[in-house]
Every structure is written in structure tokens, then in C-alpha cells.
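Participant: So the chains spell out like this:
There are 2 protein chains.
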Amino acid sequence: MMTSGEIKRLCERVKCASRKLALVSTRDKNRALIAMGKALVKNRSYIIKENKKDLATAIQRGMPSAFIDRLGLTESRISGMAKSMFDIARMKDPVGEIIESVRRPNGLLIKKVRVPIGVILIIYEARPNVTSDCIGLCLKSSNAIILRGGSESIKSNTAIFNVLTGVANKSKLPKGSIELIKDTDRRVVNELLIQDGLIDLVMPRGGESLIREVVKRSRIPIIKHYKGVCHTYVDSGADLKMAEDICLNAKIQRPGVCNAMETMLVHKKIAGRFLPCMIKAFAGSGVEIRGCDATRRISSGVKRAVESDWYTEYLDLILSVKVVNDIDEAIAHIMKYGSYHSDAIITKDKKASGKFLNEVDSACVYVNASTRFTDGGQFGKGAEMGISTDKIHARGPMGLLELTSYKYLIFGSGQIRR
Amino acid sequence: MMTSGEIKRLCERVKCASRKLALVSTRDKNRALIAMGKALVKNRSYIIKENKKDLATAIQRGMPSAFIDRLGLTESRISGMAKSMFDIARMKDPVGEIIESVRRPNGLLIKKVRVPIGVILIIYEARPNVTSDCIGLCLKSSNAIILRGGSESIKSNTAIFNVLTGVANKSKLPKGSIELIKDTDRRVVNELLIQDGLIDLVMPRGGESLIREVVKRSRIPIIKHYKGVCHTYVDSGADLKMAEDICLNAKIQRPGVCNAMETMLVHKKIAGRFLPCMIKAFAGSGVEIRGCDATRRISSGVKRAVESDWYTEYLDLILSVKVVNDIDEAIAHIMKYGSYHSDAIITKDKKASGKFLNEVDSACVYVNASTRFTDGGQFGKGAEMGISTDKIHARGPMGLLELTSYKYLIFGSGQIRR
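Protein chains in written order, with our numbering: chain A, 567 to 984; chain B, 567 to 984.
The hints are simulated quantities; they were obtained by calculation from the structure and are not laboratory data.
Some hints could be false.
Repeated chains share a single entry, so a pair holds when one copy, or any two copies, can fit it.
Unchecked claim - 20 Å max Cα-Cα, derived EDC-like pairs, lysine to aspartate or glutamate:
hint, residue 1, residue 2
1, K807, E745
2, K834, E779
3, K658, D635
4, K835, E895
5, K586, E925
6, K835, D859
7, K834, D859
8, K678, E925
9, K782, E757
10, K581, E925
11, K846, D882
12, K846, D805
13, K782, D762
14, K846, E578
None of these values were measured; they are calculated from a predicted model.
Produce the entire structure from the sequences given, and follow the hints as far as they go.
Facilitator: Okay, structure coming up:
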């Protein structure tokens with residue numbers, strides 16, 4: 567295992583690089599990003615060969631098929647990673663933007679200027695494309711990055727890292743701007759999490775237990791979401807055909823991700839008309855329904871939902887369904903059982919949608935659309951570093967802008983405080 | 567001591583109040599704030615009477631005079647607290663502001679809207695005015711607040727809290743929006759720091775050891791600064807008279823606060839001309855100098871600075887002084903020994919000031935002004951909740967805007983993800 571000293575020195579090296587990276591021009595950053603995108607495509611056979619080794623281990627260990635699916639790299643997935651690099655290169659550089667400028671009565675000119683955060687540590691599981699997306703976003707926003715992927719994708723991550731650092735070393739980016747921790751011992755993470763002063767932000771991505779462990783141990787600020795128990799509430803004022811399309815999409819289009827719907831809430835007035843068709847449509851797509859008593863009275867053959875179901879992120883073709891008396895009960899349910907990620911109301915009633923938007927305290931609140939849109943790409947942010955359900959710094963999908971801080975530059979002419 | 571259950575229930579009550587507080591109108595908030603300001607003045611004798619009890623205990627315990635000074639309340643200090651309330655009432659309500667609005671190609675309208683953070687826990691020491699300033703700022707930004715002051719000011723804080731909640735209970739603010747923890751047992755803080763999910767943000771204010779303890783234990787996001795080792799670098803291109811005025815002000819105007827200068831760096835080219843006068847001026851104000859070897863060669867009778875001096879926040883009439891070879895050495899010194907709070911360069915040379923502003927990675931970087939201006943009031947933010955040297959969420963003085971988060975409201979017409 568890496569020693570504490572080795573870990574500290576690595577972090578010092580990255581911190582030092584981050585100071586220089588903050589001063590690199592947009593043009594030099596974009597050139598490096600474009601070269602990185604091209605290098606990914608050029609070296610795709612090498613990356614796929616290494617990824618096959620991870621896949622073989624995962625299959626041998628009997629990992630579930632959804633896991634294998636997230637882990638696997640194909641030529642088209644690698645093209646997608648390259649495209650992200652090109653997209654990020656084209657986006658506006660957030661660093662140096664003057665956010666605000668104030669002249670005080672004493673003549674002091676105070677400018678609030680956007681700057682990089684510094685050093686970002688990302689801790690993630692399975693998906694190897696996270697490696698290149700995060701490197702792209704961090705470099706464009708002049709942040710140095712320390713990557714710590716899971717052991718299950720270590721060969722794929724190392725291959726992608728090797729290709730990208732190969733490019734970085736020939737570019738104007740300072741050495742040490744990107745580091746990959748290849749030691750998969752858990753204790754290395756614990757050691758990284760006490761490097762406050764060297765690492766400025768930790769972003770854990772993965773299962774809830776991983777993230778809770780990081781929160782418990784870290785002395786460094788964290789941005790995260792634990793899970794995505796997303797709701798769609800079909801109001802009495804809903805267009806029922808639209809509601810059916812949206813709910814089906816929110817559940818089945820990609821059930822294994824955090825913005826998929828896990829619970830559907832239905833106003834009692836329309837439950838009798840809406841639920842039979844809706845549940846039939848779900849059945850046709852292989853979705854298992856776990857319903858409240860009222861749901862089970864309306865639709866026969868529905869399994870009973872127990873209390874724990876309302877808290878559960880299934881990440882699978884399972885859906886809990888509850889009939890509610892009114893919008894207040896729907897909102898109260900979302901606030902009690904939800905995870906403040908993405909929640910939707912389906913209604914034509916402006917008063918109902920206004921109330922829902924105001925009172926649902928989630929990162930993304932939707933009217934008449936699928937929760938599946940909570941995504942950096944869909945929001946127009948290029949790729950995303952992760953999704954936050956915290957109230958601090960960033961909420962929802964995090965792109966380039968969310969990877970910046972600011973500082974105050976104060977211009978005086980001899981002002982002193984009286 | 568309060569039980570875990572009592573602490574949890576208190577937090578749940580405040581969380582519940584915070585949801586309602588988010589919906590209170592600006593007018594109702596302002597009315598309550600103005601009534602609070604008036605009530606402080608009206609009840610000043612009661613507050614001063616209770617404060618005298620804290621002062622008596624502090625004197626009995628032999629606390630230092632700077633401590634006694636921070637703790638004491640006078641009629642004029644209470645008027646100042648009331649004035650802050652009136653100022654905050656006059657400021658623009660940040661809640662509900664539309665920060666950004668984007669129409670996506672698929673027709674989705676995405677609005678980024680400013681919302682309160684939710685529940686804020688403030689942990690602080692000695693200064694009782696923090697109680698009313700923080701209550702004012704939190705209520706105006708629709709945040710519920712839990713206050714945990716130190717045992718040394720418990721009677722003063724309780725008196726201020728009683729006066730302000732008396733007003734709150736007669737206003738349109740939801741019950742439970744303000745809570746003061748009267749139990750001064752340390753373990754209560756530890757229990758509060760694991761209430762993630764109920765408390766959204768912790769702001770510790772006080773000594774470095776208090777803050778380190780909070781960082782170690784908290785599962786809730788924190789915004790903080792550990793200390794303020796602020797520097798003034800007198801460049802070779804400085805107006806030496808201006809430099810003398812600024813440095814004197816930065817050191818002596820109020821030495822016990824975080825934005826006072828602790829280290830003065832002087833370019834070797836002007837050290838021989840600048841230091842003798844400057845050190846004489848400091849001596850005249852009772853400032854003890856601890857200098858590097860070059861400083862001691864130029865000015866006789868200066869004590870030798872040891873390595874630990876460069877890291878020290880004296881909060882007193884003591885100053886460390888170092889002669890540097892060039893601006894690069896000055897910047898490197900600040901980045902190595904400083905606390906990224908407030909640092910200044912004194913120079914007429916635009917190239918030097920530009921370099922300093924770019925490369926010094928502190929919350930507030932000054933050209934030709936005293937670091938003493940790092941303050942919410944001086945920045946035009948009304949009062950301040952604290953000063954951040956973190957890179958996450960807020961940097962520098964935190965006012966109303968820094969006490970907000972945002973959420974995305976997404977308006978669709980049936981959009982589903984393909």
C-alpha cells in the first residue's frame with residue numbers, strides 16, 4: 567500500500583500543479599483537450615483490450631449484468647468519450663470571468679472574479695467513461711484532478727489515464743495536473759480524505775454506502791448525492807395520455823440511473839381512470855408494481871408496498887405506486903421519503919404546478935416532463951462531474967461553472983480603515 | 567444534558583419551520599426584522615443586565631482583556647445591533663431571484679432560481695452581537711437558524727434570543743425558525759454535527775481548535791476559516807508613504823481580528839529606505855517586531871523571527887517582518903505560510919500588481935489598501951455571517967447572497983428522453 571508520506575507528496579505535487587494550471591491560457595487548454603479526444607479514438611484498441619481484462623474479472627466474479635453493462639467499453643462508447651472532450655473544448659472558459667464589480671463610497675473597487683477550485687478528488691465506481699469526462703471538465707476549468715476509481719475498472723481507467731497523460735505531457739499543461747491512484751487499497755482513500763489544505767473538494771460517485779463512508783471520514787468539503795428516489799406526481803389536472811408517456815419514460819428508458827422514477831404518486835380523483843391503463847403499460851414493459859392499498863383495490867395482482875419501499879432506489883424495473891388524497895399529501899410524501907434529486911408533477915393546472923415548484927425542495931423540479939432530463943448534457947452543460955443534492959455550492963448537474971470558485975480583487979489608492 | 571432524541575426533535579422542528587419560512591413574503595420578513603431592531607433597543611437594560619452576569623464570570627475566571635472587550639455590551643453596541651437589523655431589512659431579498667433561464671432545443675424551459683439553504687447551524691464563541699446579526703441575515707434569506715454560542719456568553723445570548731423570539735412569535739414567521747441551544751455541554755455539539763438531512767450547513771466561528779474539532783466530526787457541509795494570517799507585501803514599486811500608512815492601519819487599527827496584518831514582506835531594494843521609518847512607527851504604537859536576519863541587520867533591536875512565527879496569527883500588537891528578494895519570493899511565502907484570507911501588495915507597478923492578483927490564491931487580494939476591509943459591512947453586504955477561506959460555495963465575507971442555494975425549475979409540455 568502507498569504510505570501516508572507518498573500520498574501526501576502526491577497531493578502536494580498536484581496542489582503545486584494546480585497553481586500553475588490556473589494560469590494556463592484557454593487556447594492551450596483547448597488544444598490539449600482536442601488532442602486528448604483524438605488520442606482516445608486513436609488508441610481505442612488498446613483501451614478496449616485493457617477493458618476486456620476488467621470485464622473478464624467481473625464475469626468471473628459473477629457481477630450482475632447491469633454492472634457489466636456499465637463497465638464495458640465499445641468503439642462507439644469511446645467515440646462518445648472523445649466527443650465529450652471536443653464539446654468541452656468548444657465551451658466557454660469560465661475562469662477569469664468578472665462576476666460582479668462594485669465601487670465602494672471610499673473609492674475601493676471590488677471585483678469578484680471566477681477562479682478554479684484548485685485540486686478536486688473524484689472517487690468513483692465501475693463506469694470508465696467517468697475518467698475521461700472528469701479529466702476534460704477539470705482541465706477546462708483549470709482544476710487539477712486526482713482520480714480514484716474502483717478496483718473493478720482499474721485496468722480500463724489506467725489505460726484511459728495513460729492515453730490522456732501521454733497527451734498532457736506533450737501539451738502546455740503543467741506536469742501533475744492529472745493523477746490516477748492505482749493502489750486500490752481502501753485505506754488509501756481514508757488517507758486522501760484527511761489531506762485538507764491540499765485537496766479542495768471531494769466528489770464521491772457511486773453507491774450510497776461508499777458515499778456515506780466518505781462523508782463520515784472526510785475533512786475536505788464534499789459535493790454529492792446519496793441516491794435518487796425520484797417521484798412523478800400525476801395530479802387531478804393532468805393530461806392522462808401525457809402522464810402515461812412521461813411516467814413510462816421516467817421508469818423504463820434507463821432504469822439503472824439516479825434520475826429514473828422510483829415512485830409514482832396519483833391523485834385519488836383520477837386514479838380509477840389512470841391506473842388500470844398505466845399499470846398495464848408498465849406490465850407490458852416488464853415493470854413490477856408495488857402499490858398502496860388503494861392502488862391494489864383499483865388494479866388486481868399488484869404486490870403490496872411496505873414502508874421501506876417508499877425509501878428505496880430500485881435502479882431496476884420496479885416501481886412503487888401510491889394514491890394520494892391531494893397535492894399536499896403528494897408533496898409531504900416526496901419531502902419525507904425522497905432524496906431531493908428530481909421530482910415531477912404532471913398537470914395542466916397552473917395553481918397546482920406553481921405550488922409544487924415552490925414547495926418541493928429538490929434540486930430539479932419538473933412540470934410535465936420526464937425526470938430523466940436531470941443530466942449535464944441535457945441541461946446544456948457539456949458533460950457532468952456529478953449531480954448534487956446538497957444545498958451548498960452546486961445543486962443538480964455539475965458542469966464547468968460548478969467547478970469554479972471566485973476571489974475578490976480589491977483595487978485601492980491608499981485606503982485605510984477608520 | 568439534552569438527549570440524542572431531544573436534539574433530533576429540535577432539528578426536525580427547525581427543518582419543518584424552514585420549509586414554511588421559505589414561503590414567507592419579503593414584506594412579512596422585513597416587518598419582523600424592523601420590530602426586532604426596535605425590541606433590542608427597547609430591552610437594552612435587560613440585555614445589559616444579563617451581559618453583566620457573563621462579564622462578572624469572565625472577570626472572575628481571569629479572562630484576558632481582549633476577551634472581556636469582545637464580550638461586553640453597551641448601549642451603543644446594542645444600537646449597532648439594532649442598526650444591523652434595520653440595514654438587513656432594507657436590503658434586497660435574494661430569495662426567488664431568477665439567476666438564469668435557458669430554453670433547450672427540445673422546448674424544455676430551465677429556470678435556475680435562488681432559494682434558501684434551509685437550516686443553518688452557527689457555532690460561535692464570546693461575541694454576543696453575532697446572535698442578532700446571524701438571526702437577521704438568516705431570517706431575511708429565509709433560512710431557519712440554530713444558534714450554539716459559548717458558555718462564556720450564554721446569559722447575554724439567551725437575553726438577546728428571548729427578545730428576538732418574543733418578536734418572532736408575534737410575527738408571520740413560522741414557530742421554530744430560530745432556536746438557541748442553551749445546553750453548553752460539548753457533547754451537544756457533537757450530536758448536532760451528525761444531523762445531516764436536518765441541518766444543511768454548519769458555520770463555526772471562533773478559535774482554530776474549535777473549528778478543527780467541528781471539521782473532524784461534522785457530516786454536514788461546513789463553511790469556515792481557520793485563521794487569518796494576512797500579509798502586506800511592500801513592493802519595490804511602492805509609494806513608501808502610502809505603504810507606511812496602510813501597514814500601520816492593517817496592524818494596529820484592530821489587532822485582535824482575522825483581517826489584521828500578521829506578516830509584512832518587504833522587497834530588498836527598498837528595505838533599507840522603508841524599514842527604519844516603518845519600524846519606528848510601529849514601535850511608537852507599541853508593536854513588537856519579529857524580523858528575519860535582513861530586517862535585523864537594517865533595524866537594530868528587532869527580535870529574531872523563528873519558523874513558527876510565519877505561521878502565527880498573533881491577534882495582538884506583534885508583527886513578523888521578512889525582507890524578500892523579489893515578488894516571486896513574496897508570493898511563495900504567502901502561499902506557504904498564509905491562510906488564504908486577505909493579502910495585499912503595495913505598488914505603483916501594474917505588472918507587479920497584476921501578477922500578485924493572479925497568483926495569490928486568497929479569498930481577498932488587495933492592491934494599495936489595508937486588509938482590514940475584508941468585512942461584510944465594508945463590502946456592502948450589510949452584516950456578515952462569517953468569512954470563508956474555503957473554495958466551496960462562498961469565499962470571503964458572507965452576506966445574504968451567500969446564504970442562498972438554488973434549484974432548477976423545468977417547464978415541459980410532455981417531453982420524454984429518447
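Participant: Now look at each hint and say whether the structure bears it out.
Facilitator: We went through each hint and held it up to the structure:
Taking the shortest alpha-carbon separations for K807 and E745, neither the intra-copy value of 50 Å nor the inter-copy value of 48 Å comes in at or below 20 Å. In this assembly of identical chains, K834 and E779 lie within 20 Å of each other by CA distance neither inside one copy nor across copies; the values are 41 Å within and 51 Å between. Taking the closest pair of Cα atoms, K658 and D635 never come within 20 Å of each other, the shortest separation being 33 Å inside a single copy and 51 Å across copies. For the homomeric pair K835 and E895, the shortest alpha-carbon distance inside one copy (13 Å) is at most 20 Å, but the shortest distance between copies (73 Å) is not.
Within a single copy, K586 and E925 get their C-alpha atoms only as close as 44 Å, which misses the 20 Å cut-off; across copies the closest is 9 Å, which meets it. Taking CA atoms no more than 20 Å apart as the test, K835 paired with D859 passes inside one copy only; the shortest distance there is 15 Å, against 84 Å between copies. For the homomeric pair K834 and D859, the shortest alpha-carbon distance inside one copy (12 Å) is at most 20 Å, but the shortest distance between copies (82 Å) is not. Taking the closest pair of Cα atoms, K678 and E925 come within 20 Å of each other only across two copies (15 Å); inside a single copy the shortest separation is 32 Å, beyond that limit.
Both within a single protomer and between protomers do K782 and E757 lie at most 20 Å apart by alpha-carbon distance, with minima of 13 Å and 14 Å respectively. Only between protomers do K581 and E925 lie at most 20 Å apart by alpha-carbon distance; the minimum there is 13 Å, versus 41 Å within a single protomer. Proximity of K846 and D882 under a CA criterion of 20 Å is satisfied intra-copy only: 18 Å inside one chain copy versus 75 Å between copies. Proximity of K846 and D805 under a CA criterion of 20 Å is satisfied intra-copy only: 18 Å inside one chain copy versus 81 Å between copies.
Taking the closest pair of Cα atoms, K782 and D762 come within 20 Å of each other both inside a single copy (14 Å) and across two copies (11 Å). Within a single copy, K846 and E578 get their C-alpha atoms no closer than 58 Å, and across copies no closer than 40 Å, so neither meets the 20 Å cut-off.
Consistency with the previously given hints fails for numbers 1, 2, 3 and 14, ordered from lowest to highest.
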